Amino acid sequence: MGADKLDTVRKLLAKADGAATPEEAQTYTAKAVELMARHGIDSALLAAADPGRDEIGAHRLEMDGPYSAGKARLVVWTASALRCRGVLHEAGGGRIAAVTVFGFASDRERVEMLYTSLLMQATAQLTRQRPRRAGESVAAYRRSWLHGFAVEVHRRLVAAETRAACTSVRPAPAGTSVALVLADRTSQVDRAYVEAFPGLGQARRSTLSGSGFAAGAAAGERADLGHDAMDQARQRALGA
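If you read the sequence shown in our numbering, its first letter stands for residue 1452, the second for the next number, and so on.
Computed spacing ranges between beta-carbons, pair by pair:
| no. | residue 1 | residue 2 | range |
| --- | --- | --- | --- |
| 1 | Thr-1637 | Ala-1548 | 21 to 29 Å |
| 2 | Glu-1587 | Gly-1516 | 14 to 22 Å |
| 3 | Ala-1548 | Ala-1590 | 13 to 21 Å |
Below, a list of computed lysine to any residue pairs in the SDA-like style, where the Cα atoms sit at most 25 Å apart:
| no. | residue 1 | residue 2 |
| --- | --- | --- |
| 4 | Lys-1462 | Asp-1493 |
| 5 | Lys-1456 | Thr-1613 |
| 6 | Lys-1456 | Ala-1623 |
| 7 | Lys-1456 | Gly-1508 |
| 8 | Lys-1462 | Ala-1556 |
| 9 | Lys-1456 | Lys-1482 |
| 10 | Lys-1456 | Val-1620 |
| 11 | Lys-1482 | Val-1620 |
| 12 | Lys-1482 | Thr-1613 |
| 13 | Lys-1456 | His-1510 |
| 14 | Lys-1462 | Ala-1481 |
| 15 | Lys-1456 | Thr-1618 |
| 16 | Lys-1462 | Leu-1512 |
| 17 | Lys-1456 | Gly-1469 |
| 18 | Lys-1456 | Asp-1501 |
| 19 | Lys-1456 | Ala-1500 |
| 20 | Lys-1462 | Asp-1505 |
| 21 | Lys-1456 | Glu-1506 |
| 22 | Lys-1456 | Ala-1498 |
| 23 | Lys-1462 | Val-1609 |
| 24 | Lys-1462 | Glu-1474 |
| 25 | Lys-1456 | Arg-1511 |
| 26 | Lys-1482 | Ser-1619 |
| 27 | Lys-1466 | Gln-1576 |
| 28 | Lys-1456 | Leu-1496 |
| 29 | Lys-1482 | Asp-1458 |
| 30 | Lys-1482 | Glu-1560 |
| 31 | Lys-1466 | Gln-1477 |
| 32 | Lys-1456 | Ser-1619 |
Hints were generated in silico from the structure; no laboratory data involved.
Every value quoted in this text rests on a predicted model; they were computed, and no experiment measured them.
Glycine included, each C-beta is placed from N, C-alpha and C at the ideal position.
Throw the hints in and build the complete structure from the sequences for me.
The structure is reproduced here in structure tokens:
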């Protein structure tokens, strides 16, 4: 993504962050995500025509507590929607110390921006969440809420990327198409991932006991991905 376009996206997200109403934030974030998705596709097509301009690599994101495992899922599923892979670095006791995002540089950049914004949104909502069932653990409810949030955000991001690919006006290199370029990038990332992390096992499927999944999914449906994909600006980690 060009520096000028990236600056525009950051300014839009900053305006969303300081918006007076959710509707105003939605307007800014919808514009930011639309621009970010289009440039994600443009970066892929430019790289296909000029190999070497967008290289595969890794970037490590630290996960702070509480709910580090839920944050890690949000990173990994955001990365997956943007054609990247995620590696979890466990800290013991069910905690995640960090996530390494693996993929093309332009896509890793988008993952970090989106995750930071999504985390801020989740933070603002999560601390207000309480279970309706008497006696249910607040922490368990919030973990399942964050899981539902991540699931729905992933679904919406995948849909946004698909729309951006289908409506791209930049021509693909001769003899190919946008779909083939994106499929090839995904294959390249997958091959490089296997080479970089040989023998890495699949993450264990999470088992969550809280009843907050549906509420979290509803929040993910409302999250400021605009109606296309994404959210407010940046900042820190989930509160207690």
